[in-house]
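Colleague: One-letter residues, chain by chain:
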Amino acid sequence: MKSSVITFPGSNCDRDMDVALKKFGFKNEMVWHNDNELPKSDLIVLPGGFSYGDYLRCGSMASKSKIMQSVINFAKSGGLVMGICNGFQILVEAGLVPGVLLRNKYLEFICKNVFVKSDNKENIYFKNLNKEVLEFHIAHNEGNFFCTPDQLKEIEDNNQIAIYYCNKEGQIEDQYNPNGSLKNIAGIFNKEKNVLGMMPHPERMIDQSLSGEDGSLFFKNLINNIK
Amino acid sequence: MKISAIITLKKDVLDPQGKVIHQALDGMGFNSINEVRQGKYFEIDVDENDPKKAREIVENMCSKLLANLVIENFKIIETQ
Numbered sequence: 001m002k003s004s005v006i007t008f009p010g011s012n013c014d015r016d017m018d019v020a021l022k023k024f025g026f027k028n029e030m031v032w033h034n035d036n037e038l039p040k041s042d043l044i045v046l047p048g049g050f051s052y053g054d055y056l057r058c059g060s061m062a063s064k065s066k067i068m069q070s071v072i073n074f075a076k077s078g079g080l081v082m083g084i085c086n087g088f089q090i091l092v093e094a095g096l097v098p099g100v101l102l103r104n105k106y107l108e109f110i111c112k113n114v115f116v117k118s119d120n121k122e123n124i125y126f127k128n129l130n131k132e133v134l135e136f137h138i139a140h141n142e143g144n145f146f147c148t149p150d151q152l153k154e155i156e157d158n159n160q161i162a163i164y165y166c167n168k169e170g171q172i173e174d175q176y177n178p179n180g181s182l183k184n185i186a187g188i189f190n191k192e193k194n195v196l197g198m199m200p201h202p203e204r205m206i207d208q209s210l211s212g213e214d215g216s217l218f219f220k221n222l223i224n225n226i227k
Numbered sequence: 001m002k003i004s005a006i007i008t009l010k011k012d013v014l015d016p017q018g019k020v021i022h023q024a025l026d027g028m029g030f031n032s033i034n035e036v037r038q039g040k041y042f043e044i045d046v047d048e049n050d051p052k053k054a055r056e057i058v059e060n061m062c063s064k065l066l067a068n069l070v071i072e073n074f075k076i077i078e079t080q
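Residue numbers (my numbering), protein chains in the order written: chain C, 1 to 227; chain A, 1 to 80.
Each hint should be verified, as a subset may be incorrect.
To be verified - DEER-style ranges, computed between Cβ atoms:
#1 C/73 with A/26: 34 to 40 Å
#2 A/21 with C/227: 50 to 56 Å
#3 A/4 with C/78: 39 to 45 Å
#4 C/158 with A/24: 39 to 45 Å
#5 C/112 with A/6: 23 to 29 Å
#6 A/73 with C/106: 41 to 47 Å
#7 C/151 with A/23: 29 to 35 Å
#8 A/37 with C/12: 30 to 36 Å
#9 C/213 with A/24: 29 to 35 Å
#10 A/35 with C/131: 28 to 34 Å
#11 A/32 with C/127: 56 to 62 Å
#12 C/106 with A/51: 22 to 28 Å
Stated by the list, open to error - Below, a sample of chain A positions facing chain C; criterion: calculated Cβ distance under 10 Å:
#13 14
#14 17
#15 20
#16 24
#17 53
#18 57
#19 66
As the list claims (entries may be wrong) - Simulated pairs of lysine-lysine, DSS-like, Cα-Cα distance not exceeding 30 Å:
#20 C/191 with C/22
#21 A/19 with C/153
#22 A/10 with C/105
#23 A/10 with C/193
#24 A/2 with C/183
#25 C/76 with A/64
#26 A/10 with C/40
#27 A/75 with A/11
#28 C/168 with C/191
#29 A/52 with A/40
#30 C/66 with A/11
#31 C/121 with A/75
#32 C/191 with C/220
#33 C/2 with C/64
#34 A/10 with C/64
#35 C/191 with A/64
#36 A/64 with C/66
The set of hints was computed from the structure by calculation and includes no laboratory data. Just so you know, these numbers come straight off a predicted model, no measurement behind them. Virtual Cβ for every residue (Gly too), placed ideally from N, Cα, C.
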């Protein structure tokens, strides 16, 4: 299985993602934002970081970079594209997933482990994953998911919510919402569910001695689903 | 030709920064404030002499990059 991680000026989780993808069997290539063409890939990842210093709006400048036209075409033709954290912000700015990510409700940069619930299994990312509540890491200032009431209705009607912030037991309640996201949304799909954007970092949870193993479950399951 | 554009958050979008600024102003004794909303202001020098055309160019910039129309509105406020 081949994957590509796009590096934008200011990306800083690109190499972590490279390590994670390789650890679970992807043959990964790093792609520079100013390139025009993507290498042949089964999965494209937009990594976390602070592309273009978060100028204007997080992800807005990166969403207009040269490589993004190829990423958009790849996604539109059904290719798998995953955006993590700043990558999620780039996806919303590129219009590949609905909504926007606003400044965190309490204006704090949040850096901590959170629990997320994935009960949506009708997609290639979480299908066959036999753990519903996952412990992932978040580190962001603008992760407060927001969309219009019409968009929210469409998102819910199409079952596009991928993961919710919750507690250890999987209860999705306001008190477990770290950043003010609408409906505790931590990640969403596009309508076709080949594009996934999420704020939590699964690539930071791939080693027991560092953090945890729930990211390992996610990546192992993902590569098996793609095979 | 210089064109100015103001980007503001839409009415229903929460503006936590505006709220904090409001509270700070209130604490300083400015007690007559109903609400503070923070926005962005751009001055763009366009290489175009026709005001109508220059305005159109900046409007296009606003809808394609400068504003995110899901949460923001833009207003062209001034041409000179």
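Colleague: Hints the structure violates: just list their numbers, smallest first.
Modeller: 1, 5, 6, 9, 10, 12, 16, 17, 18, 24, 26, 30 and 31
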